[in-house]
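Colleague: Here are the chains, one letter per residue:
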Amino acid sequence: MRATDITDPNYFHKVVDCQWACPAHTPVPEYIRLIAHGRYSDAYMINWKSNVFPGILGRTCDRPCEPACRRTRVEDETVVGARKEPVAICRLKRVAADFKDDVSGLMPRAPEVSNGRKIACIGAGPASLTVARDLAVMGYEVTLFDQNPQLGGMIRTQIPHFRLPVSVIDEEMDYITSVGNIAFKQREVDSLKAVLAEDWDAIFVGTGAPRGRDLAIPGRDAAAANIHIGIDWLSSVSFGHVDTVGKKVIVLGGGNTAMDCCRTARRLGGETVKVIVRSGFEEMKASPWEKDDAMAEDIPILNFMTPKAFHVEDGRLVGMTFETVRAEYDEKGRRSLVPTGDPDPYVECDDVLVAIGQENAFPWIERDIGLEFDARWDMPVVDRVTLQSTHPKVFFGGDAAFGPENIIWAAAHGHDAAISIHKLLEGEDLKDRPAPLMDVVSQKMGIHEWSYDNDIRVDPRFKVPHRALEESLANLSAEVELGFDPVLAFKEAQRCLNCDIQTVFAPKLCIECDACVDICPMDSITFADNGEEQDLRLRLTAPALNADQDLYIGEGLPTGRVMVKDEDVCLHCGLCAERCPTGAWDMRKYFIEMTHAGQA
Amino acid sequence: MTYLTKPKLHHPALKRNDIGFTRRDYEGAVSTLCAGCGHDSISASIVQACFELSIEPHRVAKLSGIGCSSKAPTYFLGDSHGFNTVHGRMPSVLTGANLANRELIYMGVSGDGDSASIGLGQFAHLMRRGVNMTYIVMNNGVYGLTKGQFSATADKGSVAKRGAVNNDAGIDLASLAIIMGASFVARSFSGDKGQLTPLIKAAMSHPGAAILDVVSPCVAFNNHAGSTKSYDFVRDHNAAVNRLDLIVGAEPMEADVPPGGMIEVPQVDGSNLRLRRITPDYDPSDKAGALGFIQEKAALGEVATGLLYLEPLPRDLHGALNTIPTPLNQLAEQDLCPGQAALDAINASLR
Ligand SMILES: Cc1cc2nc3c(=O)[nH]c(=O)nc-3n(C[C@H](O)[C@H](O)[C@H](O)COP(=O)(O)OP(=O)(O)OC[C@H]3O[C@@H](n4cnc5c(N)ncnc54)[C@H](O)[C@@H]3O)c2cc1C
Ligand SMILES: Cc1ncc(C[n+]2csc(CCOP(=O)(O)OP(=O)(O)O)c2C)c(N)n1
Ligand code: SF4
Ligand code: SF4
Ligand code: SF4
Ligand SMILES: [Mg+2]
Chain L
1 MRATDITDPN
11 YFHKVVDCQW
21 ACPAHTPVPE
31 YIRLIAHGRY
41 SDAYMINWKS
51 NVFPGILGRT
61 CDRPCEPACR
71 RTRVEDETVV
81 GARKEPVAIC
91 RLKRVAADFK
101 DDVSGLMPRA
111 PEVSNGRKIA
121 CIGAGPASLT
131 VARDLAVMGY
141 EVTLFDQNPQ
151 LGGMIRTQIP
161 HFRLPVSVID
171 EEMDYITSVG
181 NIAFKQREVD
191 SLKAVLAEDW
201 DAIFVGTGAP
211 RGRDLAIPGR
221 DAAAANIHIG
231 IDWLSSVSFG
241 HVDTVGKKVI
251 VLGGGNTAMD
261 CCRTARRLGG
271 ETVKVIVRSG
281 FEEMKASPWE
291 KDDAMAEDIP
301 ILNFMTPKAF
311 HVEDGRLVGM
321 TFETVRAEYD
331 EKGRRSLVPT
341 GDPDPYVECD
351 DVLVAIGQEN
361 AFPWIERDIG
371 LEFDARWDMP
381 VVDRVTLQST
391 HPKVFFGGDA
401 AFGPENIIWA
411 AAHGHDAAIS
421 IHKLLEGEDL
431 KDRPAPLMDV
441 VSQKMGIHEW
451 SYDNDIRVDP
461 RFKVPHRALE
471 ESLANLSAEV
481 ELGFDPVLAF
491 KEAQRCLNCD
501 IQTVFAPKLC
511 IECDACVDIC
521 PMDSITFADN
531 GEEQDLRLRL
541 TAPALNADQD
551 LYIGEGLPTG
561 RVMVKDEDVC
571 LHCGLCAERC
581 PTGAWDMRKY
591 FIEMTHAGQA
Chain G
1001 MTYLTKPKLH
1011 HPALKRNDIG
1021 FTRRDYEGAV
1031 STLCAGCGHD
1041 SISASIVQAC
1051 FELSIEPHRV
1061 AKLSGIGCSS
1071 KAPTYFLGDS
1081 HGFNTVHGRM
1091 PSVLTGANLA
1101 NRELIYMGVS
1111 GDGDSASIGL
1121 GQFAHLMRRG
1131 VNMTYIVMNN
1141 GVYGLTKGQF
1151 SATADKGSVA
1161 KRGAVNNDAG
1171 IDLASLAIIM
1181 GASFVARSFS
1191 GDKGQLTPLI
1201 KAAMSHPGAA
1211 ILDVVSPCVA
1221 FNNHAGSTKS
1231 YDFVRDHNAA
1241 VNRLDLIVGA
1251 EPMEADVPPG
1261 GMIEVPQVDG
1271 SNLRLRRITP
1281 DYDPSDKAGA
1291 LGFIQEKAAL
1301 GEVATGLLYL
1311 EPLPRDLHGA
1321 LNTIPTPLNQ
1331 LAEQDLCPGQ
1341 AALDAINASL
1351 R
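Those protein sequence lines, which keep their order, are chains L and G.
Residues 1 to 600 in the working numbering are what the first sequence spells out, letter by letter.
Residues 1001 to 1351 in the working numbering are what the second sequence spells out, letter by letter.
Warning: the hint list may mix true and false statements.
Claimed, not checked - Taking lysine-lysine pairs in the BS3-like style, the calculated list, with each CA pair at most 27 Å apart, reads: (1) K84/L to K1297/G; (2) K508/L to K1161/G; (3) K491/L to K1006/G; (4) K463/L to K285/L.
Unchecked claim - Calculated Cβ distances over 12 Å to all of chain L for the following chain G residues: (5) S1031; (6) A1035; (7) H1058.
The hints are simulated quantities; they were obtained by calculation from the structure and are not laboratory data.
Just so we're clear, the structure is a prediction, and the values are computed from it rather than from any experiment.
Just so it is clear, CB atoms sit at the ideal spot from N, CA and C, and this is done for glycine as well.
From just these sequences and the hints, can you work out the full model?
Modeller: Rendered as structure tokens:
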């Protein structure tokens, strides 16, 4: 293998598993250390720069970072049992938001004089808000349009308040508009052609995926009064138009919307609320913690049941029948659900909430304005990197771009679209993306002193305290999760392995004494004769079988061998550097941050 | 030294041996030796060897003298018996322990100062008595613990860190051990675990006096140009006679014979030591040949390593003394004082 090029910002970025997995590449370990030091405001600002909505995301994020976290690969089963759990990255973000001081003085402001460029954002959800913030800071004049009276998109209209209090939404919307140069107008856009005819330098479409899928099975029309489309029902609850539900409720669907529907139903008078899914429990789209939270509210989840018919008596919905199915997999591993032949179960109900998927809908975009749509999916053709449509002035992001995702993806798209818009108006090549900023600092302070806490904790993940069940169910907007207090937050933060403090190897200094090999608790280091990657991976002190994780190769040793470090399970404990007599190993902090519009 | 304890976490694929232990279970306290000290690598090899041999830690007794090397037993086999003797006296304490309890596996760990200077007499007598043990000398050519004075194994003409030249002849512990009657004599290098670990395994399985002279650079005081015990010097002047690949069962192995050829040496317990020849025609059972070869290499400024001498059918001290199989420390009073009648019988036999 060739020697590793550690000047490539992606090399060490990938080692920070959580940051690499985060769509907005939030510098996770840096903010976790700041939380451990009680520097909540600084931790908040690092988040705010990267993901714009730390208080919101700290309660609601889909957290792609957590399954990627190194701790899931290294925890000691004799301490944690079978559950090797990630650091509670998401809930620590909330800690920063909960305990920060007044940060308004730390927020950037739009320049006094604007640059005269005018941008329209259609839809005022997280994607548009991110575009607005990034561009306003640079002097752009941004106008947000939304059919709803307030900013926030689905953050405001869909996510139940027992998960996300309104005050948190209001606060973080304020931080964005306080930048200046951001106007909000309530307006339902019914023609993109019309908007194009207005005087905008660029248009960003962040209208989300607003349409909930329906279920056309027998009885649908007769029972219509008691069948509700999940996302519409949730927004009606949010706006106060709906405040009761029947005692017996069926929620169809296994995604996050279904979980919000069932928990909301429990709070509006639903006494027996059941979630019924076609797939198996394990394959449900909802995140595991959302399933846990629903089940903790006495909501059973019944699986492998396909809806067959709604039953109506005296003009009222009384129940549903289902077909029981099982999963079968073909040679290619594709699943099909086949009927088991068991008698069809019948489940009584007063109301049904249908949460079986969300779709995009662009009836307001004319198909003759030079903006190409994909014929098969009826989705606009959008570049994955630049987020530009085939109409050079029109950009898409968030759920509107590639279908329903989540808030953190919306923010990531927003950043990328802002870069593209700026490049477009500067006449630069949109494909030429700015490299991340990289700041490298050795952490060595003394012979055995490092400026980070390298003592590895074996504690299992700490649980976030919850409000008592009865109290939660009695109040629609009482937040269920109470958040970590500072003591718990400190303990949880200490579980982080500081994966951004990198092991950096200087072959020229190495005398091959093996001290690092011997001390490494994870058997990560080997001195070996070089070879092809496949072969080398099997010849290491411990075989490197996780091909997603790189091998770090150092060349130029006295014996002609190479130093091979498997990044997979390194604890970043720094013992290799402590035991190295020549300083060939050093622990260096790689602070890597995405370049946002205006920073390049 | 390192202040942190080594984290308990380990590689998810860490293996267990036949008796259910991982390699980590054979570790000791975190080392307080200088970072980069060869002794730590030898400790790691001992850990690996005991793991691979599936030795129960409580069956091992590690004894040592004084010196950085003699501190090393604290850093491996944390669950075994240990005894730090006075300087140079490990052999006599070990001999006593072995006589009292022949059931333990004895490992003596010493330095070149501990063994070749103050303890040379003890060293020689242990070898000639054939005490069943593994004697590991962590040989760095200096008194590391007392800040780097030349030891008795320093080669004539080698240069100290501050420039002083050694005018005295160096003692070659491997040659001395052969002459004194050790039945397993090997030399290795702390920087070559591939060679060292199998030799430790073989030595620990050998039922007689086994000595391993392991060149082990002192990074603090003897790892400079002009030293003949530095990492660079040993790498450049290592004349390996053979590699010990494995210890195999009695049945012949299907041969995957390397270019230099193979030697299989049958052992008392019925197993075979399988050696890959590196120096053609080197015969480790030829005592005089071994001594000659070591001298020839030394004259060229090279260090002969590998399994240098092996007496396939050794006798140990207990054999020579004809002691009973039961460890002496397990004998009860009636065994030790069999009564007047037995005494009378002995007295009568001597008249
Ligand atoms: C029930 C539910 C719960 C969810 N929970 C989570 C969660 O916990 N965590 C998470 O990360 N994600 C969650 N999501 C997904 C998340 O809300 C979305 O992925 C995210 O809000 C998408 O952001 P966006 O900026 O693309 O658009 P949206 O937030 O969808 O905002 C689009 C906005 O555009 C407006 N709009 C649409 N068309 C027009 C038009 N023609 N004219 C004017 N305005 C228009 C809409 O009114 C809306 O305000 C949830 C979604 C649902 C449905
Ligand atoms: C009776 C006695 N004499 C002298 C000393 C001082 N002393 C301590 S260690 C040592 C030499 C150790 O050298 P070596 O065995 O080579 O060990 P190293 O530190 O090099 O590993 C000496 C002379 C002592 N401790 N006791
Ligand atoms: S241990 Fe910390 S830095 Fe490493 S992946 Fe997990 S949260 Fe990120
Ligand atoms: S920091 Fe060094 S010693 Fe610690 S686990 Fe990683 S490679 Fe091993
Ligand atoms: S002084 Fe030399 S022998 Fe002693 S610990 Fe340091 S390097 Fe090892
Ligand atoms: Mg010494």
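Colleague: Mind listing which of the numbered hints don't hold for this structure, in increasing order?
Modeller: Hints 1, 5, 6 contradicted; others consistent.
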